[in-house]
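S.K.: Read off the chains here:
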Amino acid sequence: MSRRVYRGGPPTPMNLTPRSPQDVEAVADEVPGLSTFDAIERASVRAKWVVEIDLDRLKAPLIGFRDPRDPGHVLIAPADEEGNLDHALLREWAATRDAAETHELTTNVLAAIVDKIPARPR
Amino acid sequence: MSVGLATRTKVPAASIENATWAPPDPERIPPVVDRLGILRLATFAPADFVAIVPADPVEEPSRLRPDGTLAQPWARLHSLIQDELQGLWDRTRQARPGLLTRSGLVSTRGFPIFSYRAFYRRALDEEDPIIAGVEVWLKPDGYKILGEICGEESGESHYDEEADSSRDLDELQRVAGAVARRLAGQAKAVVAALEEA
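Listed in order, the protein sequences are those of chains A and B.
Adding 16 to a residue's 1-based position in the first sequence gives its number in this note's numbering.
Adding 901 to a residue's 1-based position in the second sequence gives its number in this note's numbering.
Simulated from the structure, these hints should not be mistaken for lab results.
Just so you know, even glycine gets a beta-carbon here, dropped at the ideal spot from N, CA and C.
Mixed in with the good hints, there may be bad ones.
With a cut-off of at most 30 Å between alpha-carbon atoms, the simulated DSSO-like pairs for lysine-lysine come out as follows [to be verified]:
| id | chain 1 | residue 1 | chain 2 | residue 2 |
| --- | --- | --- | --- | --- |
| 1 | A | Lys-64 | B | Lys-1089 |
| 2 | B | Lys-1045 | B | Lys-1089 |
| 3 | A | Lys-64 | B | Lys-1040 |
| 4 | B | Lys-1045 | A | Lys-64 |
Residues from chain B that face chain A, not an exhaustive set, calculated with beta carbons under 8 Å [what the hints assert, rightly or not]:
| id | residue |
| --- | --- |
| 5 | Asp-949 |
| 6 | Pro-958 |
| 7 | Leu-1001 |
| 8 | Thr-1009 |
| 9 | Phe-1012 |
| 10 | Tyr-1021 |
| 11 | Asp-1026 |
| 12 | Ile-1032 |
| 13 | Leu-1047 |
| 14 | Ser-1055 |
| 15 | Ala-1090 |
| 16 | Val-1092 |
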């Protein structure tokens, strides 16, 4: 299983913080969280460059949840002691998206970024 | 199913503490003497968004100062890039009055500097503002420098340029400065991007 996932857009704190409510409130069996993909082409529908995130570099409580409806879709979100989504912490994280101070979970994601690569061969 | 879980225990307080950001304190950056022997005050451009990932003292001892703020020459490079982006902002708002802007700085082990400006059409909380910035990425044999104008959420690129530098920090300063200057000449691209969305 690939331990690297990709997200389009620049490595700004805002782009690496989940949106509220879109990335927080799950509909049906959706998994909420910061959306990433394990294939570059899926992360770059409009983006020319993608950031590469090494899931092994994420520190607890952040983990990658596989989307049960779409295994290539990986949602980065905080987990509780049992490994289940910590919804309260995810809401707290998303609420800071426009804040001047960067949330520690955003810093956690930034620290796991290992490269920025072109989405298509140049 | 989950992936990437190193441990399923709660994060220890110490780890949380290590992940916090540290605002740079311009007063604590000392003057430096450049290669021409000219005393320059090492100014550090303030930024509205600052995210600095703590450094590993063994693997990257020179990115940050002991207090967690950005070390020279990174602070100086950030200031140089922000000076150029100020010119981009001036030209962009002349062409399209009423815009808003905020500056940003991100520093991690993978990319010691991402210095940028966000451009907003009407409101600071609007969707997909335009980001113009310069990133310096650590590569095995030097640095990769990227200048890009793109949507913050869509990632849609409106201008991009890639350059390389050796590990020599004077060369990096020159190459990154040149990328920033060319980026600063792209006011039309910023205006077009803002009008496109």
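S.K.: Next step is simple, just say for each hint if it's right about the structure.
M.R.: Now the hints, each set against the structure:
1. A distance of roughly 19 Å separates the Cα atoms of Lys-64 (chain A) and Lys-1089 (chain B); the hinted pair therefore holds under the 30 Å criterion.
2. Restraint check: the Cα-Cα separation between Lys-1045 (chain B) and Lys-1089 (chain B) comes to about 25 Å, which is no more than 30 Å; the hinted pair holds.
3. Taking the CA atoms of Lys-64 (chain A) and Lys-1040 (chain B), the gap is about 20 Å. The hint holds against a cut of 30 Å.
4. A distance of roughly 16 Å separates the Cα atoms of Lys-1045 (chain B) and Lys-64 (chain A); the hinted pair therefore holds under the 30 Å criterion.
5. Satisfaction of the interface hint for Asp-949 (chain B) is found here, the shortest Cβ-Cβ separation to chain A being roughly 6 Å, below the 8 Å cut-off.
6. For the restraint placing Pro-958 (chain B) at the interface with chain A, the shortest Cβ-Cβ distance is roughly 15 Å, beyond the 8 Å limit, so the hint is violated.
7. Hint on Leu-1001 (chain B) is violated. Least Cβ distance to chain A is approximately 13 Å, over the 8 Å limit.
8. Because the closest C-beta pair between Thr-1009 (chain B) and chain A is about 5 Å apart, less than 8 Å, the hint holds.
9. Taken as an interface hint, Phe-1012 (chain B) checks out: its beta carbon lies about 7 Å from the nearest beta carbon of chain A, inside 8 Å.
10. Contact between Tyr-1021 (chain B) and chain A, as hinted, is not supported at the beta carbon level, the nearest pair being about 11 Å apart and thus beyond 8 Å.
11. At a threshold of 8 Å, the smallest CB-CB gap from Asp-1026 (chain B) to chain A is about 5 Å, leaving the interface hint in force.
12. Contact between Ile-1032 (chain B) and chain A, as hinted, is supported at the beta carbon level, the nearest pair being about 5 Å apart and thus within 8 Å.
13. A cut of 8 Å between beta carbons decides the hint on Leu-1047 (chain B): the least distance to chain A is about 7 Å, and the hint holds.
14. Look at Ser-1055 (chain B): its Cβ gets to within about 5 Å of chain A, closer than 8 Å, so that hint holds up.
15. The criterion of a C-beta within 8 Å of any C-beta in chain A is not met by Ala-1090 (chain B), whose closest approach is roughly 13 Å, and the hint is violated.
16. This hint is violated: Val-1092 (chain B) has a C-beta 19 Å from the nearest C-beta of chain A, more than the 8 Å allowed.
Hints 6, 7, 10, 15, 16 from the list above are not met by this structure, while the remaining hints are.
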